[in-house]
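Please put together the full structure from these sequences, using the hints given.
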Amino acid sequence: MALFSLLLALLLDRIKVVKPQWSDRPIHAWVAKQWLADHPSSQFRLAAAVLAPSVVVYLLLSLVGSALWGVIGLLIWCAAAVALLNHLPIRNHFSGYLKAARRGDSQACYHYAQQLDPHTDINSIDSAELGRYIGQTVAWLNYRYFAAVVIYFALFGPVGGLLYSSLRYHADRLQLSHQCPSWLSDFLAIADWAPSRLLALGYMLSGHFTSAMPVWQRYAVDWQTPARTVIGEVALAAEHLPNTPNDSEEKPPICVESTLALLKLARRNFILLLVFISLLTIFGVIA
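Take 1432 as the starting number for the sequence shown in the working numbering and just add one per residue.
What the hints contain is simulated information worked out from the structure, not anything from laboratory work.
The beta carbon of each residue, even a glycine, is placed where N, CA and C say it ideally should be.
There is no bait here: all hints are sound.
Each pair of labels, with its calculated beta carbon distance range: (1) ALA1468 - VAL1652: 41 to 47 Å; (2) ALA1478 - ASP1536: 41 to 47 Å; (3) ARG1698 - ALA1651: 21 to 27 Å; (4) TRP1654 - ARG1698: 26 to 32 Å; (5) LYS1464 - SER1537: 35 to 41 Å; (6) THR1712 - ALA1620: 27 to 33 Å; (7) ASP1603 - SER1555: 17 to 23 Å; (8) MET1432 - ALA1559: 44 to 50 Å; (9) LEU1490 - LYS1464: 20 to 26 Å; (10) ALA1498 - LYS1464: 30 to 36 Å; (11) PHE1435 - SER1608: 37 to 43 Å; (12) LEU1442 - THR1656: 33 to 39 Å; (13) ASP1603 - ARG1534: 28 to 34 Å; (14) PRO1451 - ASP1536: 21 to 27 Å.
The list that follows gives simulated cross-link-like pairs (lysine-lysine, DSSO-like), each with its CA atoms no further than 30 Å apart: (15) LYS1695 - LYS1447; (16) LYS1450 - LYS1695; (17) LYS1695 - LYS1530; (18) LYS1450 - LYS1530; (19) LYS1450 - LYS1464.
What follows is the structure, given as structure tokens:
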């Protein structure tokens, strides 16, 4: 059921029939408003807001059980998968960045880059390195919003996927205002540890194996290195990027070449992850 739900969600997203409102973000925003509007500093209410969506889905699945031959349960799984994998704003920001880079609008490039990574001061990054940095950011966003969710959804169903997305949403929201409590950051770091190493292994297998293997080995059992560093460094080692601008008018500028190279690598890695989940499903390891 997990594989079917994920593939259906990806198909609907691919053919662009899913509206931006059909996402997990409005759900988490509504829960945060209900629980935290009057008590924004309450740690108990924050924990309740993090857990609420997954608890509701767990109770709902337990309630419907196998009613109507499991059709209702399947619909809940599919709806959850669609909501978890629908991130149209991120796609729009990335598309805007590419268009701005191709027409040579550096100011717009930095604007869209800041939208993709609001936690970093993009203006401090040299324009010559911006494409490479955004490529690493794309690899990170591919993990954070797609691969990690797919892994938790495949292992623990909608409950696991929603719990991870809820942790991510509230941690990101509070980090922007520098108010994220240490326990929330720690829980998210723990949730990211194993999936990030698994996806980094996929980058090694999808790209230049010999170049990426030493980097992956260095981080594989390192408990201290953040997941973003692991993903970014292994992805960068797994793909050979151009070092100097290409003057040919037939090719996009360097900032686009570097970014697109890492984007293609991220796509290959995501396909590899889906194949791995498919094999686990076929052999009965996951449902």
